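All chains, full assembly: derive it from the sequences and hints.
Chains as they are written, first to last, in numbering that gives the first Met the number 0: chain A, 0 to 260; chain B, 0 to 294.
Honestly, the hints are just simulated from the structure, not real lab data. There's no promise every hint is true.
Claimed, not checked - So these bits of chain B aren't anywhere near chain A, every CB distance computed over 12 Å:
id, residue
1, GLY57
2, TRP60
3, ALA122
4, ARG129
5, GLY131
6, THR152
7, ALA171
8, LEU265
Unchecked claim - To spell it out: a stretch of chain A is covered by chain B in this simulated footprint if at least three of its residues, at any positions, have a beta carbon under 8 Å from a beta carbon of chain B; those stretches are:
id, region
9, 88 to 101
10, 107 to 120
Keep in mind that this is a model prediction, so the values were computed, not measured. Idealized CB from N, CA, C, for every residue including glycine.
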Amino acid sequence: MSNSTGAQGTQDTPGVPPRGTGSLAIVDLVAGYGEVVALDKVTITAGAGTITAVLGANGAGKTTLLRAISGMVRPRGGRVMLDGADRAGRSPEDMARAGIAHVPEGQGVIAELTVEENLRIGMMSWPGIGWRRAERAAALAEAYERFSPLADRRRKLAATLSGGERQMLVIARALVARPRVLLLDEPSLGLAPRVMTQVMNMVVRLSRESGITIVLVEQNARAALAVADRGVVLNLGRVVAEAPAGELAADVALRHHYLGF
Amino acid sequence: MVEFLQFTLSGISFGMIYAAIALSLVLIWRGTRLLNFAQGGMAMFTTYIAIEVIYRTGSYWTGFAAALAAGVVLGAVAELAVIRPTLGKPELNAVIITIGLLVLLEGLAGILYGGQYRSFPAAFSVTGLRAGSTPLGVSRFDVFVALAVLAATLLLAIGFRYTSAGLRMRAAAFNATAARLSGIRVARVITLGWVLAGLLGALAGVLVSPSTFLYPDSMDSIFVLGFTAAVIGGLDSPVGAVVGGLLLGVVLSYAGGYLGSQGSDLTALVALVILVVVLMVRPAGIFSGARVRRV
Numbered sequence: 000m001s002n003s004t005g006a007q008g009t010q011d012t013p014g015v016p017p018r019g020t021g022s023l024a025i026v027d028l029v030a031g032y033g034e035v036v037a038l039d040k041v042t043i044t045a046g047a048g049t050i051t052a053v054l055g056a057n058g059a060g061k062t063t064l065l066r067a068i069s070g071m072v073r074p075r076g077g078r079v080m081l082d083g084a085d086r087a088g089r090s091p092e093d094m095a096r097a098g099i100a101h102v103p104e105g106q107g108v109i110a111e112l113t114v115e116e117n118l119r120i121g122m123m124s125w126p127g128i129g130w131r132r133a134e135r136a137a138a139l140a141e142a143y144e145r146f147s148p149l150a151d152r153r154r155k156l157a158a159t160l161s162g163g164e165r166q167m168l169v170i171a172r173a174l175v176a177r178p179r180v181l182l183l184d185e186p187s188l189g190l191a192p193r194v195m196t197q198v199m200n201m202v203v204r205l206s207r208e209s210g211i212t213i214v215l216v217e218q219n220a221r222a223a224l225a226v227a228d229r230g231v232v233l234n235l236g237r238v239v240a241e242a243p244a245g246e247l248a249a250d251v252a253l254r255h256h257y258l259g260f
Numbered sequence: 000m001v002e003f004l005q006f007t008l009s010g011i012s013f014g015m016i017y018a019a020i021a022l023s024l025v026l027i028w029r030g031t032r033l034l035n036f037a038q039g040g041m042a043m044f045t046t047y048i049a050i051e052v053i054y055r056t057g058s059y060w061t062g063f064a065a066a067l068a069a070g071v072v073l074g075a076v077a078e079l080a081v082i083r084p085t086l087g088k089p090e091l092n093a094v095i096i097t098i099g100l101l102v103l104l105e106g107l108a109g110i111l112y113g114g115q116y117r118s119f120p121a122a123f124s125v126t127g128l129r130a131g132s133t134p135l136g137v138s139r140f141d142v143f144v145a146l147a148v149l150a151a152t153l154l155l156a157i158g159f160r161y162t163s164a165g166l167r168m169r170a171a172a173f174n175a176t177a178a179r180l181s182g183i184r185v186a187r188v189i190t191l192g193w194v195l196a197g198l199l200g201a202l203a204g205v206l207v208s209p210s211t212f213l214y215p216d217s218m219d220s221i222f223v224l225g226f227t228a229a230v231i232g233g234l235d236s237p238v239g240a241v242v243g244g245l246l247l248g249v250v251l252s253y254a255g256g257y258l259g260s261q262g263s264d265l266t267a268l269v270a271l272v273i274l275v276v277v278l279m280v281r282p283a284g285i286f287s288g289a290r291v292r293r294v
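Right, dumping it as structure tokens:
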């Protein structure tokens with residue numbers, strides 16, 4: 000099956016082409032708000048298909064990092080290399096169309112739309128035009144299969160969902176876009192511990208199943224390091240540690256100093 | 000009783016005009032939180048274009064189509080050239096710019112077409128219709144006015160609900176950040192909003208000008224009443240715009256009808272009273288929804 004532009008589809012969703020391997024390299028990124036420099040020459044590499052945890056105290060620059068990658072904040076310097084191509088400074092719309100899905104903290108769900116409409120929004124970044132009904136329907140079906148609570152509520156307004164369900168919806172919407180890179184900003188914030196575990200497990204499954212590169216910002220460093228391949232610790236806008244997740248978790252002094260456990 | 004029917008029907012007909020203007024204001028407001036003070040001026044200008052086309056071609060419907068096309072173009076040009084540069088700057092800038100656009104359009108119309116009152120043809124007969132021997136107070140043209148605006152409103156509603164473009168517009172209006180992060184080109188959506196508003200305004204202009212005559216300031220009072228209707232209905236609500244317009248049209252018709260000539264002079268006062276009463280009971284407008292926005 001192919002879409003009108005002639006591209007071949009992947010096995011799971013007919014017609015939607017895979018977008019490349021999804022390696023992300025941040026080089027000397029500088030970003031801030033007004034007088035405040037929130038990121039001071041940050042360099043991070045997230046290999047294709049890996050999970051990278053970005054950790055640090057409040058104000059360390061973790062959220063700014065994700066915003067600078069997705070284009071919500073315009074970097075003042077440095078490069079954002081997606082599969083080798085520098086995309087720093089592009090608008091959020093362009094970054095989404097290039098394959099970077101950013102799930103921001105808190106307000107990602109469009110509450111006034113239904114669950115299904117929220118998911119359809121995710122398809123707005125598919126490349127090209129003329130996607131057939133069957134392709135769209137298949138993408139929705141896949142989302143409902145992966146997240147069955149959403150299937151039960153597909154015609155309900157997103158405002159009626161619980162916190163955990165909203166988080167599920169926002170991640171589902173990001174996945175419908177078939178991103179190469181998924182940026183998750185505190186996905187477990189405000190969720191009950193049991194739900195948080197489910198979210199973390201889902202993150203791991205995503206990485207293994209679809210090969211998406213995941214950058215995970217989490218306050219809960221312990222939970223994040225448990226699922227990540229690599230960890231990066233930020234403090235006051237600078238990288239103070241970058242190592243395999245197991246090493247960071249084992250480094251007691253580092254944990255005490257920067258991560259609080 | 001007959002009078003009541005007459006006033007009601009003619010009120011509905013005028014009310015639909017206010018509804019069209021109100022709807023165009025709501026379209027722009029939802030997308031950008033901007034009140035387009037030039038909406039009436041844009042409608043006036045496209046009506047002038049229509050009358051010129053009608054004179055030259057002798058065909059009403061060609062002029063009608065020309066007005067709608069001009070509305071589309073004017074909407075797009077206004078957004079891209081005049082309003083887009085104000086995004087991201089203080090909101091007052093945009094407000095002043097739309098007022099400036101209004102002044103520009105009215106001045107330009109005066110220069111190009113002169114300031115004298117011009118009559119504008121009606122699409123259908125303006126003779127009062129009768130049910131048997133009872134005059135109904137409305138003409139074929141009035142019925143056309145109501146149906147045309149109703150059709151436009153329904154098309155818009157269907158478009159919003161069922162098309163991809165409509166979904167993009169709603170998403171961008173409710174949560175522009177989430178829309179952007181999903182790849183929606185919010186800037187284009189805003190332009191589309193202005194295009195639709197221009198179209199609706201153009202429709203309102205050709206529908207009301209047979210009654211009001213056409214001159215550079217002719218849409219000013221229509222704009223004020225359309226704006227009032229939009230506020231009454233709740234600036235975020237398209238349904239509210241239509242209901243507000245009808246409500247306003249009907250009540251003003253009763254005032255004009257039952258109070259005689261004093262009623263017509265009192266139009267502005269009556270409109271103000273309705274506005275105050277509605278806002279006292281429902282400060283955000285009749286159809287303002289609960290704020291389901293982000294926490």
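Structure-based check of all given hints:
With a least beta-carbon separation of about 41 Å from chain A, GLY57 (chain B) lies farther than 12 Å from that chain, consistent with its non-interface assignment. At roughly 33 Å from the closest C-beta of chain A, the C-beta of TRP60 (chain B) stays outside 12 Å, upholding its exclusion from the interface. At roughly 37 Å, the least C-beta separation between ALA122 (chain B) and chain A is larger than 12 Å, which holds for a residue marked as non-interface. The non-interface label for ARG129 (chain B) is consistent with chain A: the shortest C-beta to C-beta separation is roughly 47 Å, beyond 12 Å.
For GLY131 (chain B), the non-interface assignment is confirmed: its Cβ lies about 48 Å from the closest Cβ of chain A, beyond the 12 Å cut-off. With a least CB separation of 20 Å from chain A, THR152 (chain B) remains clear of the 12 Å interface cut-off, as annotated. At roughly 10 Å, the least C-beta separation between ALA171 (chain B) and chain A is not larger than 12 Å, which violates its mark as non-interface. Non-interface status of LEU265 (chain B) relative to chain A is upheld: no Cβ of that chain comes within 12 Å, the nearest being about 39 Å off.
Coverage of a stretch by a chain is defined here by at least three residues with a beta carbon nearer than 8 Å to that chain's beta carbons; for the region 88 to 101 of chain A and chain B the count is 7, and the condition holds. A count of 9 residues in the region 107 to 120 of chain A with a Cβ less than 8 Å from any Cβ of chain B is obtained; the coverage claim is therefore met, three being the minimum.
Violated hints amount to a single one, hint 7; each of the other numbered hints is respected by the structure.
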